[in-house]
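Undergrad: Combine both chains into one complex, guided by the hints.
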Amino acid sequence: MDWILDFYNYRVVAQYLPEFARGLGSTAWISLLALGISLSVGTITAIMRMSANPAVWRFAAGYVQVIRSTPLLIQLYLIYFALPALPLLGRRLDEIEGGIIALGLNAGAYMSEIIRAGIESISRGQTEAAMSVGMTYPQRMRYVILPQAFARVAPPLLGQTAVLIKDSSLVSFIGVFELFGAGLVVLNERLMPNEAFLTVAICYLMIYTVMLSVTGYAKRRLGGAAG
Amino acid sequence: MNDVILSTLPFLLDGLWMTFKISLITIFFGSLIGAVVGMLRTLDYAVITYPLGAYIHALRGTPFLIHLYVIYFMLPATGISWLQFDAFPAAVIALSLYTSTYVAEIVRGAIQAVPRGQGEAARSTGMTALQSMWYVVLPQALKLMIPPMGGVYVIIIKGTSIVSVVGIAELVRAGEHATQRHPRDLMLIYGMTALLYFAYCYPVLRLARWAETKFGSVRLPS
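Sequence lines, in order, name chains V and Y. The opening position of the first sequence corresponds to residue 1 in the numbering used here, with each subsequent residue numbered one higher. The opening position of the second sequence corresponds to residue 1001 in the numbering used here, with each subsequent residue numbered one higher.
Bound conformation, chain Y alone (with noise of 0.2 Å):
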């Protein structure tokens, strides 16, 4: 059992390494797209939100596998030369727009949560709209956003375990070569991939709950 243990493991630290580069890529980019979203959608014109609701309701209402298929399949059958992508960027694509939505829901929330009068106060000291969202309503929203930032993380952590099946080496792909090398360690092996998600996951998730504590929060969408 211990050499087994000592066999699986490099691989399975490299899956790790390969799940943490995602996921940090992955939050960048669903953070980017998600906080535009989420700004536009506090806005007042309905040919900005009513596209940018259909968007998160759509990427809501069907699987993220759903998403990772239509990206990676899809999208390269169109024959457009830009959209013929590997697994690697069709798997980062999918995950970011997954996250995309959870953040856009966070940034509303927060924003709206800053009492109105904030930016009434702004505007009436002769701000325009845009400095004070940037001055007064987004520093006071920013630390409502923190702590379900980190319950975004996470489920882009466990989402990362999906785009295994487009070939992607992350640890549950690496969990599963190991399996096939050493069959009758499965339960070992898998037991393994799930502690390292586990060591990944849970200070992050713990991280979280302290900052609710410090800063308060918005609830997340389910």
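Next comes chain V alone, as it looks inside the complex (with noise of 0.2 Å):
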């Protein structure tokens, strides 16, 4: 049993377990915030992007352009190294507080085409029947069209979610610890990276079956994909 112990060994990793739980818990939550935040940024933009005044679309297709044509790691050092002191804090934003919001904008770009393309794929009957009762332009989005629109695009948001998690290991290079952080804590401590990055994998390979099977209840129950 050597051999196991020398290309991966799993006391070390034993001992680095509440590490590896903390890092994953912390993984966990960084990505759902950023969650919330790229479904508000991405649904704003989304209906922003639809909208007849230029500017207003101008300025939601040039945010999604932005996004999409620089890394995230830029993203991240620009809203975290470069950006000043915020008026409304008082202070600069902290690593974490950085890592989030470069997070949600980032995924939110990506968020606000697939969700203007489920928006988009609702029939202009709905559009209509809704005004024939009497709904507002915010009534119609609200009862209407948006709750059919995500049922329809769920299963690629779902997708782009399991990207966004992956994202976040990057927010570990600002000093954020997650679970990239924890596999970085057993590379410096101990020089073993089999049992760091391997240990780390495992943990987002368990993450990711976790979102495919929830991937795959949301195409069975909510029927057919169109974005």
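It cannot be assumed that every hint is accurate.
Claimed, not checked - Residues from chain V shown here face chain Y by an in silico Cβ test under 7 Å; the list is partial: (1) L73; (2) I74; (3) Y77.
Stated by the list, open to error - Not everything, but these chain Y residues come out facing chain V in the computed CB check (under 7 Å): (4) L1065; (5) Y1069; (6) F1073; (7) A1077; (8) Y1135; (9) K1158; (10) S1161; (11) V1172; (12) M1187; (13) T1193; (14) A1194.
If you are wondering where the hints come from, they were derived from the structure by calculation, not from laboratory data. The C-beta atom is built at its ideal place from N, Cα and C for all residues, glycine as well.
TA: Have a look at this one:
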């Protein structure tokens, strides 16, 4: 059994298990908060994208294109290192806030494209029917269009969420402790890359498996995806 | 401010050149591996498709950062002589493998989007399975692959930013060096870096959009 200990010393991993668990938890709640931001930003920009006012839709389109054409790493650096003190906050963002906001804004652009595809796939008759019962624009969106659109694009949104979770590993670069950071701790303290990164990879694969089955469930439950 | 721009721009352009080189090499090898994996996955042999499916899921389920560290730290530590490589080959290998999963899904999707009757008609005229693939199915599938490949190329360009951690002097790394020289102009320097990425990626995305209206497209799996 020596060769196993040579390749992957599970005793060391067991010793660092609390560290990995803490990292996993940190990854989970960072992703969750970023997901909340990205869905709100995504919905708002998707609606702005379809506005008749050129200033409004151009702004939304520009946001999506800028995010899609630059790497997340640079977005993280710009928001965390380069952002001066915020007037409302009275201080600079700390690394966790910066990381979550950057992740949320990044994923928001991709979510926005998916949500827009969902809204556009809802037939015009739905809008007309809602108008004919006297609903205002916000009411139509809130009660008729958005619920159907979200149900239809739930699978691709979940897929993008899986990407968001993987991307959250990059916030370790600005000094946030999360799952990947737990691997770095093992690498730095014990110089054991196998134990560090295989364990982290296994944790990410566990998250991915859960996401896959949730996506599969959503597909079956909500019928064929349109996005 | 002007002299900061003038003095850092040459460094950043050097970095952009490195980003350009890595992305070109990667799109080549990534497409090659991906095309093979994707075509093999359209076959009906479980012995082939299951391991390849596992390969794609394993790479899709873990962050690219992990692939990079596994290839850069773990493989050389095995002590096998041909696995001893520098940062540059490690970065290109990791990025190519990562890219291949996207390409494989596109190739598979495009081949499956060609109506079955096309392949069957080709077989019925006496073509072998390979001939029907090469002369009938692939040429039709190729058009569908072009637009999503633009998206993949942009994913690669953005992926190159991450290889800065193993010490490759690409655009992000060049930006980091420049900020050490001018720490007070952080925002400006990272802004310039972002602008250079934008200048590289945006035309590719536009081209992909244009190709999509011209050729139609298969959906990129998310």
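Undergrad: Does each hint hold? Answer for all of them.
TA: Here is what the structure says about each hint:
A least Cβ separation of about 4 Å between L73(V) and chain Y falls short of the 7 Å threshold, and the interface hint therefore holds. For the restraint placing I74(V) at the interface with chain Y, the shortest Cβ-Cβ distance is roughly 5 Å, inside the 7 Å limit, so the hint holds. Because the closest C-beta pair between Y77(V) and chain Y is about 5 Å apart, less than 7 Å, the hint holds. Interface restraint check for L1065(Y): the shortest CB-CB distance to chain V comes to about 5 Å, inside 7 Å, so the restraint holds.
Interface restraint check for Y1069(Y): the shortest CB-CB distance to chain V comes to about 5 Å, inside 7 Å, so the restraint holds. The closest approach between the C-beta of F1073(Y) and any C-beta of chain V is roughly 4 Å, which is under the 7 Å cut-off, so the hint is satisfied. At a threshold of 7 Å, the smallest CB-CB gap from A1077(Y) to chain V is about 6 Å, leaving the interface hint in force. Because the closest C-beta pair between Y1135(Y) and chain V is about 33 Å apart, greater than 7 Å, the hint is violated.
Restraint check, K1158(Y) versus chain V: the minimum CB separation of about 4 Å is within 7 Å; hint holds. Hint on S1161(Y) holds. Least Cβ distance to chain V is approximately 4 Å, under the 7 Å limit. With a cut of 7 Å, the hint placing V1172(Y) at the interface with chain V holds, because the nearest CB-to-CB distance is about 6 Å. Given the 7 Å rule on beta carbons, the hint for M1187(Y) holds: about 4 Å separates it from the nearest Cβ of chain V.
Against a cut-off of 7 Å between C-beta atoms, the interface hint on T1193(Y) holds, since the closest Cβ of chain V lies about 6 Å away. Contact between A1194(Y) and chain V, as hinted, is supported at the beta carbon level, the nearest pair being about 5 Å apart and thus within 7 Å.
Going through the hint list in order, the structure does not satisfy hint 8, though it satisfies all others.
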